[in-house]
Amino acid sequence: MSLKVPTMAEMMAQGETPDVLFWVGCSGSFDDRAKKITKAVVKILNHCQVKFAVLGTEESCTGDPAKRAGNEFTFQMQAMMNIQVLNGYEVKRIVTACPHCFNTLKNEYPELGGNYEVIHHTQLIQDLINTGKLKLEGNQTFKGKKITFHDPCYLGRANDVYEAPRALIEKLDAELVEMKRCKTNGLCCGAGGAQMFKEAEKGNKEVNIERTEDALAVYPSIIATGCPFCNTMMTDGIKNFDKEQEIKVLDVAELIANAAEL
Amino acid sequence: MIAHLIFVILLITSFGLFGYNVWKVRYNILLGQDTNRTDNRSERWKTMFLVAFGQKKMFTRPIPALLHLAIYAAFVITQIELIEIIADGISGSHRFFHHSLGAFYTFMISFIEILSVAAFIATVAFLWRRNMLKLPRLSMQELKGWPMKDANLILIMEIILICFIFMMNGADEVAQQLKSNNGYGFTISQFVGPMLFGKINSLETLHIIEQIGWWGHVIMVFTFMNYLPYSKHFHIFLAFPNTYYSNLEKKGKFSNMESVTNEVKLMLDPNADPYAAPDPNAAPTRFGAKDVTDLTWKNLLDAYTCTECGRCTSSCPANLTGKKLSPRKIMMDTRDRLTEVGENCRKHGKDYSDGKSLLGDYITEEEIWACTSCNACVQECPVNIDPLSIIVDLRRFLVMEESKIPTELTGMLTNIENNGAPWQFSPSDRLNWANEE
Numbered sequence: 001m002s003l004k005v006p007t008m009a010e011m012m013a014q015g016e017t018p019d020v021l022f023w024v025g026c027s028g029s030f031d032d033r034a035k036k037i038t039k040a041v042v043k044i045l046n047h048c049q050v051k052f053a054v055l056g057t058e059e060s061c062t063g064d065p066a067k068r069a070g071n072e073f074t075f076q077m078q079a080m081m082n083i084q085v086l087n088g089y090e091v092k093r094i095v096t097a098c099p100h101c102f103n104t105l106k107n108e109y110p111e112l113g114g115n116y117e118v119i120h121h122t123q124l125i126q127d128l129i130n131t132g133k134l135k136l137e138g139n140q141t142f143k144g145k146k147i148t149f150h151d152p153c154y155l156g157r158a159n160d161v162y163e164a165p166r167a168l169i170e171k172l173d174a175e176l177v178e179m180k181r182c183k184t185n186g187l188c189c190g191a192g193g194a195q196m197f198k199e200a201e202k203g204n205k206e207v208n209i210e211r212t213e214d215a216l217a218v219y220p221s222i223i224a225t226g227c228p229f230c231n232t233m234m235t236d237g238i239k240n241f242d243k244e245q246e247i248k249v250l251d252v253a254e255l256i257a258n259a260a261e262l
Numbered sequence: 263m264i265a266h267l268i269f270v271i272l273l274i275t276s277f278g279l280f281g282y283n284v285w286k287v288r289y290n291i292l293l294g295q296d297t298n299r300t301d302n303r304s305e306r307w308k309t310m311f312l313v314a315f316g317q318k319k320m321f322t323r324p325i326p327a328l329l330h331l332a333i334y335a336a337f338v339i340t341q342i343e344l345i346e347i348i349a350d351g352i353s354g355s356h357r358f359f360h361h362s363l364g365a366f367y368t369f370m371i372s373f374i375e376i377l378s379v380a381a382f383i384a385t386v387a388f389l390w391r392r393n394m395l396k397l398p399r400l401s402m403q404e405l406k407g408w409p410m411k412d413a414n415l416i417l418i419m420e421i422i423l424i425c426f427i428f429m430m431n432g433a434d435e436v437a438q439q440l441k442s443n444n445g446y447g448f449t450i451s452q453f454v455g456p457m458l459f460g461k462i463n464s465l466e467t468l469h470i471i472e473q474i475g476w477w478g479h480v481i482m483v484f485t486f487m488n489y490l491p492y493s494k495h496f497h498i499f500l501a502f503p504n505t506y507y508s509n510l511e512k513k514g515k516f517s518n519m520e521s522v523t524n525e526v527k528l529m530l531d532p533n534a535d536p537y538a539a540p541d542p543n544a545a546p547t548r549f550g551a552k553d554v555t556d557l558t559w560k561n562l563l564d565a566y567t568c569t570e571c572g573r574c575t576s577s578c579p580a581n582l583t584g585k586k587l588s589p590r591k592i593m594m595d596t597r598d599r600l601t602e603v604g605e606n607c608r609k610h611g612k613d614y615s616d617g618k619s620l621l622g623d624y625i626t627e628e629e630i631w632a633c634t635s636c637n638a639c640v641q642e643c644p645v646n647i648d649p650l651s652i653i654v655d656l657r658r659f660l661v662m663e664e665s666k667i668p669t670e671l672t673g674m675l676t677n678i679e680n681n682g683a684p685w686q687f688s689p690s691d692r693l694n695w696a697n698e699e
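For the record, the sequence lines run as chains A and B.
Each residue of the first sequence is one higher than the one before, starting from 1 at the first, in this note's numbering.
Each residue of the second sequence is one higher than the one before, starting from 263 at the first, in this note's numbering.
Treat the hints with care, since some could be wrong.
Reference listing, derived: stretches of chain A covered by chain B, where coverage requires no fewer than 3 residues with Cβ under 8 Å from a Cβ of chain B [as the list claims (entries may be wrong)]:
| no. | stretch |
| --- | --- |
| 1 | 2-8 |
| 2 | 32-42 |
| 3 | 54-62 |
| 4 | 66-73 |
| 5 | 100-109 |
| 6 | 150-160 |
| 7 | 200-208 |
By construction, these hints were calculated from the structure, which means they are not laboratory data.
All values reported here derive from a predicted model rather than from experimental measurement.
For each residue, glycine too, the CB sits at the ideal point set by N, CA and C.
Work the whole structure out from these sequences, hints included.
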């Protein structure tokens with residue numbers, strides 16, 4: 001099934017307005033692993049006939065890594081340019097699969113003139129299920145599987161979203177197991193605060209190894225997460241323990257798309 | 263008569279000295295930059311009530327929470343007995359409220375005594391945890407020296423305070439039993455009194471012991487009070503304003519730098535005159551923070567509120583994996599530096615510079631760059647201290663004023679500026695995923 005990915009420009013040309021803008025983010029656009037998450041989200045949106053659009057080549061980095069790295073200039077330049085584009089298209093509602101984009105768009109753009117209702121993809125999918133647009137009844141894909149959810153810091157502690165991703169996992173007829181450190185106490189994957197783009201400072205361990213040990217301790221068959229960066233870090237962690245055959249690291253959107261056989 | 267005079271002089275001196283030290287702390291805190299924390303009052307009162315008064319966040323770790331609650335409750339309720347002690351000291355009366363309150367008085371003092379026993383047990387448990395069990399978060403590198411002594415000194419002072427109370431009440435109880443065969447009936451001291459002083463038959467000796475207890479307690483209270491502003495233990499007062507002025511925004515929201523917004527707007531405005539002279543009245547601004555005076559007053563209030571419990575550090579992913587960063591040390595360094603800067607300001611005027619700064623002399627770049635901005639430290643703090651905002655402001659100074667930044671990050675920033683993504687991909691390829699299999 002080919003994906004239908006209309007851009008804002010195309011929609012505008014046809015005189016149409018989408019209900020929601022899908023903000024793909026740099027990771028979701030360029031990283032090979034994260035692109036699969038992006039496609040899973042689009043499959044769900046297509047299947048549920050959500051009227052959405054992407055910015056395509058008009059999208060640019062939100063500026064999050066620049067701001068966390070202390071470069072407010074680069075951040076604000078990015079933010080102002082993005083806001084011009086978003087306001088130009090009169091965007092009201094944004095969904096994104098990246099908690100870093102989510103946090104920046106939702107919390108840091110308003111003071112610079114960008115006011116939107118911003119939701120994480122797990123929240124949108126939860127809404128689609130609750131309103132009956134997406135049905136998962138009778139699916140056996142994950143029956144009896146142990147799934148643990150790793151809370152992305154910028155979704156959980158930073159924005160208090162803990163329940164939406166868990167509610168989705170619970171729809172899968174799988175067993176949701178919590179790590180010792182979860183929800184408000186969740187341990188970082190090690191990528192935040194621009195660490196993704198630099199070597200870690202000197203220490204005796206990598207943060208993602210420490211976090212992977214938390215996950216291994218509950219013997220999951222799947223580590224679910226809701227952030228492309230967490231996904232990378234946890235995947236690397238699993239490889240480090242030679243467990244990539246037994247344990248998969250998947251985004252919640254991928255779990256749902258698989259369960260719905262999309 | 264002389265005793266009254268000594269008491270009144272002690273009372274005035276210690277309250278005066280305490281007032282002066284509190285003024286100094288306030289002066290130091292107000293050296294910080296302005297930030298608005300007066301909005302949404304009802305939410306602020308609620309936060310203070312739950313987090314400071316109700317100790318909501320303490321209970322994520324139940325054992326220390328219960329021990330701490332015992333000391334906290336005893337401390338709060340003992341203030342009632344302190345009112346009587348002051349009234350007795352000034353008027354020369356003995357147990358000022360005893361006659362007017364009757365049975366309620368016995369209940370009140372008994373209640374205080376029960377809580378004091380609980381506090382005694384908790385204090386011993388805390389000393390044991392700190393010095394015998396050597397819990398990791400209570401025996402880390404940054405606590406070596408003065409901070410460790412400070413912590414033990416407070417616990418020992420608390421034990422002495424409690425001992426004097428029981429010395430006073432116990433001797434008084436025995437004396438009362440001798441006089442009337444019927445003591446006060448205070449729950450604890452009616453047993454502890456006879457145990458300790460039961461063999462003494464002289465009312466005079468018992469009176470002296472009671473007086474030693476009374477004076478000992480009074481002197482310890484005054485000492486403790488004046489020790490507080492120099493100690494991490496000042497959190498017993500500052501926890502309240504600090505939670506009132508909490509950050510009520512989402513934790514992920516970093517502050518917006520308005521000084522930068524103005525510059526960026528100028529850059530993006532095609533009609534702006536690039537050669538326009540800057541406003542001569544505008545105060546010179548520094549991007550980010552190099553020293554404590556560049557931080558906000560809330561950051562500085564945070565530093566004085568920190569009681570060095572180390573919950574932040576014990577949950578910090580950087581610290582857990584052996585990196586140098588410890589959020590607690592960030593707060594301790596900020597306070598130490600602020601005390602120094604405040605002294606300098608009062609001695610030599612506000613423009614004086616001692617050539618030192620928070621960044622460099624206290625906090626190293628390595629610590630700052632180890633942070634993942636995960637907010638675990640902010641989440642953990644039982645009194646809503648925010649070490650992350652200090653770390654971010656120090657990074658801002660390093661990057662925007664000094665151009666000191668890990669090389670890989672320079673690459674990431676260049677990529678964002680040139681092609682709108684942190685990696686080297688062409689912006690025109692951004693939608694390629696939609697057509698890939």
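**Asked** Broken hints, numbered, in rising order?
**Response** none
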